[in-house]
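Q: Residues per chain are reported as follows:
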Amino acid sequence: MNRRRFLISLGLLGIGCLGGVSAISRLRWEGFGQPKELDLLSKLSPVADPHFSGALERVATTELLQSLVARGVLTPSGVDFDRLALACSSDEIESFASRRYARTELELYALAARIVA
Amino acid sequence: MILDEPTGETYDVLIIGSGPAGLTTAKIYAEKVPSARVLIIESGAPRVLHHAAGLSKVVASGDLASDYYPAHAQRTLGGTSTVWTGLCTEMEKRAFLAGEWPIQYKELASKYQEAALILDLPSEVYEKPSVLLPGSTHILYKPFYRRATRFAKKYRSWLETSPQVDLLPGYTVVGLGVGGRLVETVRVEPTAGGGANSASLKAMRVVLACGGIGNPRLLLLSEIGAKTPVGRYFMDHPHMYQAFLLSVDRDALVQVSGPPQRGRIDAFQLTSEYCVEHGLLSSSFQFMKGLAERLEMLRGRRRVTRFGQVILRSEMKASPNNRVTLSNDRRDALGQPMAAIHLDFDRGQIRREFDQFSRVLVRSGLGRTSELRGGIQLTGGGHLMGTTRMGTSPTDSVVNADCRLWDLDNAYVAGSSVFPASGSANPTISLVALAVRLGGHLAETA
Ligand SMILES: Cc1cc2nc3c(=O)[nH]c(=O)nc-3n(C[C@H](O)[C@H](O)[C@H](O)COP(=O)(O)OP(=O)(O)OC[C@H]3O[C@@H](n4cnc5c(N)ncnc54)[C@H](O)[C@@H]3O)c2cc1C
Numbered sequence: 001m002n003r004r005r006f007l008i009s010l011g012l013l014g015i016g017c018l019g020g021v022s023a024i025s026r027l028r029w030e031g032f033g034q035p036k037e038l039d040l041l042s043k044l045s046p047v048a049d050p051h052f053s054g055a056l057e058r059v060a061t062t063e064l065l066q067s068l069v070a071r072g073v074l075t076p077s078g079v080d081f082d083r084l085a086l087a088c089s090s091d092e093i094e095s096f097a098s099r100r101y102a103r104t105e106l107e108l109y110a111l112a113a114r115i116v117a
Numbered sequence: 001m002i003l004d005e006p007t008g009e010t011y012d013v014l015i016i017g018s019g020p021a022g023l024t025t026a027k028i029y030a031e032k033v034p035s036a037r038v039l040i041i042e043s044g045a046p047r048v049l050h051h052a053a054g055l056s057k058v059v060a061s062g063d064l065a066s067d068y069y070p071a072h073a074q075r076t077l078g079g080t081s082t083v084w085t086g087l088c089t090e091m092e093k094r095a096f097l098a099g100e101w102p103i104q105y106k107e108l109a110s111k112y113q114e115a116a117l118i119l120d121l122p123s124e125v126y127e128k129p130s131v132l133l134p135g136s137t138h139i140l141y142k143p144f145y146r147r148a149t150r151f152a153k154k155y156r157s158w159l160e161t162s163p164q165v166d167l168l169p170g171y172t173v174v175g176l177g178v179g180g181r182l183v184e185t186v187r188v189e190p191t192a193g194g195g196a197n198s199a200s201l202k203a204m205r206v207v208l209a210c211g212g213i214g215n216p217r218l219l220l221l222s223e224i225g226a227k228t229p230v231g232r233y234f235m236d237h238p239h240m241y242q243a244f245l246l247s248v249d250r251d252a253l254v255q256v257s258g259p260p261q262r263g264r265i266d267a268f269q270l271t272s273e274y275c276v277e278h279g280l281l282s283s284s285f286q287f288m289k290g291l292a293e294r295l296e297m298l299r300g301r302r303r304v305t306r307f308g309q310v311i312l313r314s315e316m317k318a319s320p321n322n323r324v325t326l327s328n329d330r331r332d333a334l335g336q337p338m339a340a341i342h343l344d345f346d347r348g349q350i351r352r353e354f355d356q357f358s359r360v361l362v363r364s365g366l367g368r369t370s371e372l373r374g375g376i377q378l379t380g381g382g383h384l385m386g387t388t389r390m391g392t393s394p395t396d397s398v399v400n401a402d403c404r405l406w407d408l409d410n411a412y413v414a415g416s417s418v419f420p421a422s423g424s425a426n427p428t429i430s431l432v433a434l435a436v437r438l439g440g441h442l443a444e445t446a
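Chains A and B supply the protein sequences, listed in that same order. The opening residue of the first sequence carries number 1 in this note's numbering; numbering runs sequentially from there. The opening residue of the second sequence carries number 1 in this note's numbering; numbering runs sequentially from there.
Any given hint could be a false lead.
Far from chain B, by Cβ distances over 12 Å, these chain A residues were calculated [what the hints assert, rightly or not]:
| id | residue |
| --- | --- |
| 1 | Ala48 |
| 2 | His51 |
| 3 | Glu57 |
| 4 | Val59 |
| 5 | Ala60 |
| 6 | Gln66 |
| 7 | Ser67 |
| 8 | Val69 |
| 9 | Pro76 |
| 10 | Ala85 |
Some chain B residues near chain A, calculated using beta-carbon distances under 7 Å [as the list claims (entries may be wrong)]:
| id | residue |
| --- | --- |
| 11 | Glu296 |
| 12 | Gln349 |
| 13 | Arg352 |
| 14 | Gln356 |
| 15 | Arg368 |
| 16 | Leu372 |
| 17 | Ile376 |
| 18 | Gln377 |
Hints listed in this document are in silico derivations from the structure and should not be mistaken for laboratory results. Using N, Cα and C, we set each Cβ at its ideal position, and we do this for glycine too.
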């Protein structure tokens with residue numbers, strides 16, 4: 001399926017640009033119909049908060065991106081809040097800066113902080 | 001009428017202790033049976049007396065020290081309601097759903113309205129005790145209402161003027177004399193000492209309302225209920241103060257709480273159904289003073305949250321090892337063995353309750369907690385419960401569903417010592433509700 005292709009291309013791109021944040025801030029989304037640009041910068045701005053720039057430090061940016069896209073949380077039209085809620089409702093809990101988060105929301109905040117910062 | 005000394009009258013009902021449990025039982029019974037004669041014996045006087053306070057001394061081991069207990073067992077007219085904080089909320093259904101009580105929840109719930117009237121509480125306390133936070137299926141908003149009603153003040157003039165009720169202050173019950181299945185005599189001594197004035201009083205029925213330590217102690221002193229677990233299953237409410245921060249979506253909170261209300265304190269907990277399903281006890285997460293608001297990300301949206309320090313108040317699992325016995329070597333001023341108390345908290349259980357609440361809250365997107373700071377530091381709540389527990393048989397309980405001692409036909413217990421499981425709610429409104437029920441039962445069976 002196209003979505004799979006997209007994920008693979010995302011992975012390759014991630015490796016290609018060695019996880020460089022600026023390089024992946026604009027991605028080609030070929031998953032559905034017409035190729036689209038996944039403008040991460042604008043899509044993630046609403047959830048960006050520099051407080052989270054150190055979150056999930058050990059997880060590569062591409063990995064965060066893939067994880068969120070794979071679960072439909074990040075889509076060409078931005079953050080799908082219903083999908084995010086669904087993912088969070090059964091998530092493991094992660095701790096960051098002494099506060100507790102659902103894993104998926106923390107991934108989102110971490111990615112947003114890295115891309116938008 | 002307030003008596004100076006014992007009389008030879010045989011009363012219909014004799015109540016030992018004038019705290020919330022004793023006075024409520026007396027009031028309800030007397031109202032329902034206008035011809036009845038009631039005697040209330042109170043170890044303390046209308047004012048706190050030093051020698052009376054000394055009678056509550058105990059020898060303690062485990063998590064709470066010896067000096068903790070006397071402060072929570074006031075020997076004076078009105079009992080511990082002379083110092084209580086007055087926080088009230090209904091007990092959760094959890095323990096009833098789990099079959100830990102021998103009565104249906106509705107038997108208790110149906111008495112909360114009368115209990116609220118006695119405690120001068122607003123009607124919300126029984127009309128809307130809890131409500132789900134919008135958007136959550138497991139988290140309840142279950143606030144506390146605070147009215148520190150002082151029973152001595154509230155009922156003093158009734159006690160002085162009622163033609164039905166006599167109060168004998170300054171006398172301590174030191175033993176119950178049993179013949180067959182009946183309490184035949186109630187032995188009293190002046191609290192200030194002076195054994196010459198000791199007396200044996202008589203009544204058709206007797207109610208022990210001496211508090212969670214006083215009740216089992218008096219039974220043990222009287223060698224009553226030896227085949228029942230008198231004194232065992234002692235419970236308090238472990239409290240953890242300021243150990244973590246809690247933030248809750250302000251809009252969701254305001255939707256259920258409405259505008260701030262004087263005397264109402266916001267608190268949250270998992271539903272009873274959720275606790276039963278996940279093998280948890282009840283616990284309540286109560287906001288402390290000094291809340292603030294801030295913008296916070298909750299499930300990807302920037303929300304205004306209320307946040308601040310919390311009191312975690314938890315139920316304890318009833319364990320036979322936590323118990324009140326009699327000291328072998330320490331005696332009080334009246335020459336009676338002191339109560340010896342052992343109580344251990346289960347920190348692992350508190351940790352699990354915190355973790356589970358935190359997890360459900362975070363997953364719901366309605367708020368979050370911080371991590372716990374430091375270890376699990378616990379204190380008690382002064383809620384002395386479980387030591388004459390209610391049950392279905394004498395092997396696992398001390399009183400039956402009517403709060404009557406298994407071994408006796410005319411002796412009852414009032415107070416939180418009859419709770420077989422405590423929930424996490426502060427106990428007084430529930431013990432007053434049970435006293436309303438007991439007063440009604442005594443009237444029906446008069
Ligand atoms: C600081 C503090 C804060 C509290 N805050 C709250 C709260 O916010 N909410 C809540 O629900 N609960 C609270 N409590 C607990 C509350 O005070 C008790 O649940 C309540 O008072 C118990 O009522 P009772 O009638 O069973 O016992 P008590 O109030 O203890 O009354 C027992 C009475 O029996 C008398 N007595 C004992 N032995 C004898 C004897 N042998 N002969 C004659 N008389 C005897 C005593 O003198 C006393 O008057 C608090 C307690 C303390 C100490």
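Q: Any Cβ of chain B at or closer than 12 Å to Val69 of chain A, or is the non-interface label fine?
A: 15 Å, holds
Q: Minimum Cβ distance from Gln377 of chain B to chain A below 7 Å?
A: Where the cut-off is 7 Å and the nearest Cβ of chain A is about 17 Å from Gln377 of chain B, the hint is violated.
Q: The hint names Arg352 of chain B as touching chain A; please verify it with the least Cβ-Cβ distance against 7 Å.
A: Status violated, d = 13 Å.
Q: So, as I understand it, the hint says Ile376 of chain B touches chain A; can you test that by seeing if any CB pair is closer than 7 Å?
A: 16 Å, violated
Q: When you look at the beta carbon of Ala60 of chain A, is every beta carbon of chain B farther off than 12 Å?
A: 21 Å, holds
Q: Are all C-beta atoms of chain B more than 12 Å from that of Pro76 of chain A?
A: Non-interface label stands for Pro76 of chain A: nearest chain B Cβ at 17 Å, farther than 12 Å.
Q: Against chain B, does Glu57 of chain A keep a CB gap of more than 12 Å to every residue?
A: For Glu57 of chain A, whose nearest Cβ neighbour in chain B is about 17 Å away, the distance exceeds 12 Å, so it holds.
Q: Any Cβ of chain B at or closer than 12 Å to Val59 of chain A, or is the non-interface label fine?
A: 18 Å, holds
Q: Glu296 of chain B was flagged as interface toward chain A. Is the shortest Cβ-Cβ separation under 7 Å?
A: 9 Å, violated
Q: Hey, does Ser67 of chain A actually stay past 12 Å from chain B on C-beta?
A: Non-interface label stands for Ser67 of chain A: nearest chain B Cβ at 15 Å, farther than 12 Å.
Q: Taking the least C-beta to C-beta distance, is Arg368 of chain B closer than 7 Å to chain A?
A: 5 Å, holds
Q: Quick one, is the Leu372 of chain B hint okay against chain A at 7 Å, beta carbons?
A: 9 Å, violated
Violated hints, in rising order: 1, 2, 10, 11, 12, 13, 14, 16, 17, 18; the structure is consistent with all others.
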